[in-house]
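**Student:** For reference, the chains in residue letters:
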Amino acid sequence: MDWFVINMLNGVSYGMVLFLIASGMSIVLGAMGVTNLAHGAIYMVGAYAGWTVAIKWKATFGVGLLVGGLSAAVVGLAIERGLLRRLYKQPNEQVLLTFGFVYILSNLCLWIWGGWPRPPFTAKFLTGSIEILGRAYPKARLAIIIIGLLLAVGLWWLQEKTRMGAIVRAGMDDKETASGLGINLERAFAAIFFVSSFIAGAAGVIGAQLLGVRTDLGLEVLLLALIVIIVGGVGSIQGALLGGILIGVIDAFGRAVFPQFAMFTMYLTMIIILIVRPTGLLGRKI
Amino acid sequence: METGATQEEQNRWLGKILVSLGSLFLLCCPLFLSSYGEGLMTRFLIFALFAMSYNVVFGYAGLLSLGHAAFFGAGGYTVALLKLHFGVDLFWISAPLGFVIAAFTAALFGIIALRVSGIYFLLVTFALGQMLFSLAWNVKWLNSKGMQGITGISLPDLAIQGLTLNTTWYYYLVLIFFAISVVVLYRLVNSPYGVALVGIREDESRMAAVGYNTWLYKYLAFVISGAFAGIAGVLFSYYNFFVSPHHLGIATSFLPMVMAIMGGVGTFFGPVIGAVVFIFVENYASILTPQRWPLILGGLFVIIIMFARDGVGVYLWRLLSKVTPGYGSIKG
Numbered sequence: 002m003d004w005f006v007i008n009m010l011n012g013v014s015y016g017m018v019l020f021l022i023a024s025g026m027s028i029v030l031g032a033m034g035v036t037n038l039a040h041g042a043i044y045m046v047g048a049y050a051g052w053t054v055a056i057k058w059k060a061t062f063g064v065g066l067l068v069g070g071l072s073a074a075v076v077g078l079a080i081e082r083g084l085l086r087r088l089y090k091q092p093n094e095q096v097l098l099t100f101g102f103v104y105i106l107s108n109l110c111l112w113i114w115g116g117w118p119r120p121p122f123t124a125k126f127l128t129g130s131i132e133i134l135g136r137a138y139p140k141a142r143l144a145i146i147i148i149g150l151l152l153a154v155g156l157w158w159l160q161e162k163t164r165m166g167a168i169v170r171a172g173m174d175d176k177e178t179a180s181g182l183g184i185n186l187e188r189a190f191a192a193i194f195f196v197s198s199f200i201a202g203a204a205g206v207i208g209a210q211l212l213g214v215r216t217d218l219g220l221e222v223l224l225l226a227l228i229v230i231i232v233g234g235v236g237s238i239q240g241a242l243l244g245g246i247l248i249g250v251i252d253a254f255g256r257a258v259f260p261q262f263a264m265f266t267m268y269l270t271m272i273i274i275l276i277v278r279p280t281g282l283l284g285r286k287i
Numbered sequence: 006m007e008t009g010a011t012q013e014e015q016n017r018w019l020g021k022i023l024v025s026l027g028s029l030f031l032l033c034c035p036l037f038l039s040s041y042g043e044g045l046m047t048r049f050l051i052f053a054l055f056a057m058s059y060n061v062v063f064g065y066a067g068l069l070s071l072g073h074a075a076f077f078g079a080g081g082y083t084v085a086l087l088k089l090h091f092g093v094d095l096f097w098i099s100a101p102l103g104f105v106i107a108a109f110t111a112a113l114f115g116i117i118a119l120r121v122s123g124i125y126f127l128l129v130t131f132a133l134g135q136m137l138f139s140l141a142w143n144v145k146w147l148n149s150k151g152m153q154g155i156t157g158i159s160l161p162d163l164a165i166q167g168l169t170l171n172t173t174w175y176y177y178l179v180l181i182f183f184a185i186s187v188v189v190l191y192r193l194v195n196s197p198y199g200v201a202l203v204g205i206r207e208d209e210s211r212m213a214a215v216g217y218n219t220w221l222y223k224y225l226a227f228v229i230s231g232a233f234a235g236i237a238g239v240l241f242s243y244y245n246f247f248v249s250p251h252h253l254g255i256a257t258s259f260l261p262m263v264m265a266i267m268g269g270v271g272t273f274f275g276p277v278i279g280a281v282v283f284i285f286v287e288n289y290a291s292i293l294t295p296q297r298w299p300l301i302l303g304g305l306f307v308i309i310i311m312f313a314r315d316g317v318g319v320y321l322w323r324l325l326s327k328v329t330p331g332y333g334s335i336k337g
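Chains as they are written, first to last, in the working numbering: chain U, 2 to 287; chain H, 6 to 337.
Quick caveat, the hints were computed from the structure, so don't treat them as lab data. Some hints here could point you the wrong way.
Said to hold, decoys possible - Once the Cα atoms are required to be at most 25 Å apart in a straight line, the calculated SDA-like pairs of lysine to any residue come out as: (1) U:Lys176 to H:Asp208; (2) U:Lys90 to H:Leu305; (3) H:Lys88 to H:Leu163; (4) U:Lys90 to H:Lys145; (5) H:Lys145 to U:Met264; (6) H:Lys21 to H:Leu36; (7) U:Lys140 to U:Ala257.
Quick caveat: nothing in here was measured; it's all calculated off a predicted structure.
Extracted from the complex, chain H is given alone in its bound form (with noise of 0.2 Å):
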């Protein structure tokens, strides 16, 4: 605790300890956790992955989203719509089309959204998410027989000989694909490029005189992070059965953004800290009062607002490093 550089040090550590020990439950919880609570950890990771792509253009961009939604349910739609149309439940087809489905998305609704910033970029952004709610919505081919959204998705099919698919191998393979996003993420925002898209963040009008071509630069995170929005959508397809138009619009546009802020803006845990909060506290109003559950998620929007703007997860951590003071010696 002497100087500043032991300080960082330290935190490194303790940010290295609580990874591991985060990894390790993650790896392990399905030995003892019932598959109620099983399924409830894999809800948890794939709207963690979600949370964690929309931070990535909310948090490091500084672009006010409220259309993300759409690619996750870009993503998720391409699976049930193969599953629906086709009988595809190869996941090696799925998952990749789900993918590039999602990124092409992104990739046509930049192009729109970012001719313009500020507050209309986030008009913009909800209204195009709605239009694909209001397409799902209105047209036949998305929708199964009779009802809005689409039905009857099942487990994917791994193409292994001997294996078939059960709700323990599929958190299993949501981890496999959490953990890869998680690295690939972590290097993107701590790469030139990410810490230039923090530099857009702060300051555009500068980092355009420096010769940052910046539009390009948000554009690209526009589009990769909608890429991964893609992915959570395909394994909560799989994981839910059922996707709905709602998961196209603004109702589940806002779940990230709520886990980021939740959990602590532009930090790169924070949205998965708030992702287990929300995730667990979802689950219990819902299973206290399903009457009321949007009351109560209203309400803790307001006090999230008003009472734990930094986020949770940076209180958390700015607790965490004060109560260790010891830890500094272990790396001795």
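Chain U with its partners taken away, still in its complex shape (with noise of 0.2 Å):
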């Protein structure tokens, strides 16, 4: 019994961090239909950020959260108004230059940190673990879920209950009418970017438990985030949230009953979920 529960915390805890790491992206596809592959690389880039402010600094953890996730959407918002702004409805040229931000980045990072990874770090009231059912269960993996689930909830009221979500549903479904009602589609965009970079960052510093922060991780990052949006399905908070849970408790399983094969796991879901629903669990068509 508490072999389950353990496992199924990790699981959640895990699965967060994955919905933290995909809601950002599969908004932006969904939303904007830009496919912005060097999305785990500004995961990176927040992730470093927190790690100097919060660890080599000395600042708090909540200071790092915030400088990380804003650094990444400063680097994600000069990305998309400097160029993806003037590659809308290119999938192709999307897709390579976002890439090549992933090799950007990725070595800009190893410039200025240096190629050995940091290992994992967390907010000091956070280091410790408490008792659940007889065994310690570290604190760190406990607060992620719940900064999940409030981020979740955020984000789900941003997204069904505000002016901008609106905007964002509006865009989804007819971008030449939302358009022509007058709605700034060019500013709403960018405001999308920066939220969607800020979130990837801010889970850089809070996934640093988990991941570590390492030059490798934007390929990582991304390639997490992928599985999540087609399991999950493009373009909704609830996608992402039911993606990131499902593969992150399927892994943690995965890894308690046969670690060699693991990473399989996520990938059998992947094509299991692809030949029953091609669209992703929650997906809708784009």
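Take the two lone chains and join them into the complex the hints point to.
**Tutor:** Here's what the structure looks like:
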């Protein structure tokens, strides 16, 4: 029983990080039709910035979280405003350009921070563990679950209940009509990209507890985000949440049951979902 | 230059002249190149073949695949595994098997990936390629002892009496396969089948309405393209003496795409031009600053996309057909 609960908690906390990683990319893809392969690299920038502030400069974890999110958001916004903006509706070009930034950002991080991987870190008050069913369980993982849930609710509210969310959904359904009604889609897109990159950067700081901080995160995180998006479906917070938790839990039990082939449980899930529901569990057609 | 017809005629002549000059150069270049330059040319031919195969799916069928290295790597790993576990050096066993296994992998992945289209297709092919990557990374049988990847591959044995292959011979072997592939692929994309593929790229629902089984057309393109990528992989494995999981993954999948876009998507020789540019920039950049090569590569993507979106090859072609107004008279 406690074996089950512990693995479940592991899976859900990992799933929350996956959700945070995938949600921004999924929204950008769904709302703007932009395939941003640099999303994982933006996550990495956030992780490094957060590490520098929280560990190297010994500021608090909260400040690190904020700085990580903001620096990622600035990088993301610069890419969008400077270059991606000119490539709407050109998926080939978007893919190539944003993958170029995977190389650029990874190499810049290597240049600035050096090649040695940073050990996982978290907030001071979250180190240590509490007892669950007679087993010590790290507090930080529980905190990730709580932060993830809060963010999920916040994003869902943003998507369903605010004007910006309405614009996103309108833009997803019919861009021409939306801009014909006088909605400034350009500005909305910039805002979406900013928020999505901010979440990615913050996820980099939160996820540092599980994934560490390395220069090869850009690709690894991108892959995770893609799998979550394929499973959950493009363009919605709910899809990213469901996909993230599902993949997280399956991965956790996969690791516990057959550690050697853990990675494949993820792919296997993806392939099964594709065969049964090609647009993902909660996906809309794009 | 009086009418459009002569312009077209003239372009055809220009094309023929360029192809003949190119072939002549490829045939003769080992005579005056150092062995390093020869290796570089071999590398160029292999990647040009890879990019051309990719272009069938990407340029002609309009499917944005990000997992093409899976087939390239499948070919390469076949050669490497036969050598590692069975000591097979014989080209006539390894190469056909590599080709078949690459085609088989493509047939399998095609069934999964072609269930979706557009951006989803890209995501799925990407993930499938990464699946092979992680397979090659994790399974012991797929690696040499104590390392990631398979080493110890040597130049192939052609079983011809008295001939031991050196790098020059190998260059010509690659050239032969390159030439055969060029002819086959050229015929393919200019056949009714190839024209139908372009039709599907432009408007799939219309082609379906006219009665084409568009899924089958795309599927065949995917498998054929994968099989030729497999040949490139086989040739690469012998050339490189080493295959690594990265040759199955995204880092390699991007190369043919970059080359195709760089040279000109949907034009037949565009990817070859792209491969020329790429291989030589790669070579000089990695000599000058190996540490910063990814930075330059990424910068190259950005510059190409922002400033040379039609492709360098297309640009050069336009320039050439403009500055050679007199060639029309040669045919006289």
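**Student:** Hint check: U:Lys176 vs H:Asp208, CA-CA at most 25 Å. Holds or violated?
**Tutor:** 21 Å, holds
**Student:** Would the pair H:Lys21 and H:Leu36 pass a check requiring their Cα atoms to be no farther apart than 25 Å?
**Tutor:** 24 Å, holds
**Student:** Do the alpha carbons of U:Lys90 and H:Leu305 lie within 25 Å of each other, as the hint requires?
**Tutor:** Holds, at about 22 Å.
**Student:** Hey, U:Lys140 versus U:Ala257, does the alpha-carbon distance stay inside 25 Å?
**Tutor:** 20 Å, holds
**Student:** Verify the proposed pairing of H:Lys88 with H:Leu163, using a straight-line Cα cut of 25 Å.
**Tutor:** Holds, at about 14 Å.
**Student:** Between H:Lys145 and U:Met264, does the CA-CA distance stay at or below 25 Å?
**Tutor:** Distance ~15 Å between H:Lys145 and U:Met264 Cα, so the pair holds.
**Student:** Take the C-alpha atoms of U:Lys90 and H:Lys145, compute the straight-line distance between them, and say whether it is at most 25 Å.
**Tutor:** 43 Å, violated
Comparing the model with each numbered hint stated earlier shows that hint 4 is the single one that does not hold.
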